[in-house]
Amino acid sequence: QLHLQESGSGLVKPSQTLSLTCDVSGGSISSGGSSWNWIRQPPGRGLEWIGYIYYSGGTYFNPSLKSRVIISIDKSKNQFSLNLTSVTAADTAVYYCARARGGGRIDHWGQGSLVTVSS
Amino acid sequence: DIQMTQSPSTLSASVGDRVTVTCRASQSFSTWLAWYQQKPGKAPKLLIYRASSLESGVPSRFSGSGSGTEFTLTISSLQPDDFATYYCQQYDTYPWTFGQGTKVEIK
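Protein chains in written order, with this note's numbering: chain A, 22 to 140; chain B, 163 to 269.
Check the hints yourself; a few may be wrong.
Stated by the list, open to error - Stretches of chain B that chain A covers, calculated by requiring three or more beta carbons in the stretch to come under 8 angstroms of a beta carbon on chain A:
| no. | region |
| --- | --- |
| 1 | 209-221 |
| 2 | 257-267 |
Said to hold, decoys possible - Examples of chain B residues lying across from chain A (beta carbon under 7 angstroms, computed):
| no. | residue |
| --- | --- |
| 3 | Ala196 |
| 4 | Ala205 |
| 5 | Tyr249 |
| 6 | Tyr253 |
Stated by the list, open to error - When the alpha-carbon atoms are kept at most 30 angstroms apart in a straight line, the in silico BS3-like pairs for lysine-lysine are as follows:
| no. | chain 1 | residue 1 | chain 2 | residue 2 |
| --- | --- | --- | --- | --- |
| 7 | B | Lys204 | A | Lys34 |
| 8 | A | Lys98 | B | Lys204 |
| 9 | A | Lys87 | B | Lys204 |
| 10 | B | Lys204 | A | Lys96 |
| 11 | B | Lys204 | B | Lys265 |
| 12 | B | Lys207 | A | Lys98 |
Read the hints as simulated data drawn from the structure, not as lab findings. Remember, predicted model here, so these are calculated numbers, not experimental data. No residue lacks a Cβ here, since even glycine has one placed at the ideal position from N, Cα and C.
Throw the hints in and build the complete structure from the sequences for me.
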């Protein structure tokens, strides 16, 4: 069974960079047909898709965040990462890593990692 | 961006009720739509994809339908485990977007 687990800093200062890593177990991150995604959810609010990366390195980002987002993949470690630069309080959210297949249905999610932006 | 609007925002229902949640899109697309269930403090869980395909392991009381700009999620007989928040998501056009959620509460 595929398992995803986020890790990273839970507290980030304004203007700094948020960094999270997603460890994938129970399956290969290099499997075809899968995109590896980041999605966030501010406290008490809805879901926002941030972007994805394929094992080939191809990426696609939400235009609303594109200028601040970097998603990378490390196939040797079976993990992928999110960097979000120049954060503000509006970036405070639970960040989920997730796998999507079949064009975009998100069938496996990590448990989520709360990141708070505060000085 | 395609805006997804769910209705109602909150729904009060009893065990055994038939429940319908609607998701309307700001522009038409085919059937690239998914439904998720989320419980407090947990990640969303995929229920339905391609508008009407049931994800493996999901009870058959859940069903989805629709195309174009209107989609529905139906729970044929609400069970205690179904009280949760439900989200639709379109994956027809980038960026993928979600509805704002429908909370199903105990009446």
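Does B:Tyr253 hold up as a contact with chain A if the rule is Cβ-Cβ below 7 angstroms? holds, 3 angstroms
Would you mind confirming whether the straight-line C-alpha gap from B:Lys207 to A:Lys98 stays at or under 30 angstroms? OK: B:Lys207 and A:Lys98 at ~26 angstroms, within 30 angstroms.
Check whether the Cα positions of A:Lys87 and B:Lys204 lie no farther apart than 30 angstroms. holds, 27 angstroms
Pair hint outcome, B:Lys204 versus A:Lys34 [Cα-Cα no greater than 30 angstroms]: holds, 26 angstroms
Hold the hint about B:Tyr249 up to the distance rule: shortest CB distance to chain A must be less than 7 angstroms. Interface hint status for B:Tyr249: holds (6 angstroms vs cutoff 7 angstroms).
Has the region 209-221 of chain B got at least three residues whose CB is nearer than 8 angstroms to a CB belonging to chain A? With 3 residues close enough to chain A, the hint holds.
If you draw a straight line from the CA of B:Lys204 to the CA of B:Lys265, is it 30 angstroms or shorter? Status holds; Cα separation ~14 angstroms.
Checking C-beta pairs, does the region 257-267 of chain B have three or more residues closer than 8 angstroms to chain A? That given contact holds, which follows from 7 residues of the region 257-267 of chain B lying within Cβ reach (below 8 angstroms) of chain A.
Status of the hint placing B:Ala196 at chain A (closest C-beta pair under 7 angstroms): holds, 5 angstroms
Can the restraint linking A:Lys98 and B:Lys204 be considered satisfied, given a maximum Cα separation of 30 angstroms? holds, 26 angstroms
B:Ala205 as an interface hint toward chain A, with CB separation required under 7 angstroms: Holds, because the Cβ-Cβ distance from B:Ala205 to chain A comes to roughly 4 angstroms (cut-off 7 angstroms).
Sort out whether A:Lys96 lies within 30 angstroms of B:Lys204, counting only the CA atoms. holds, 27 angstroms
When held up to the earlier numbered hints, the structure conflicts with none and fits them all.
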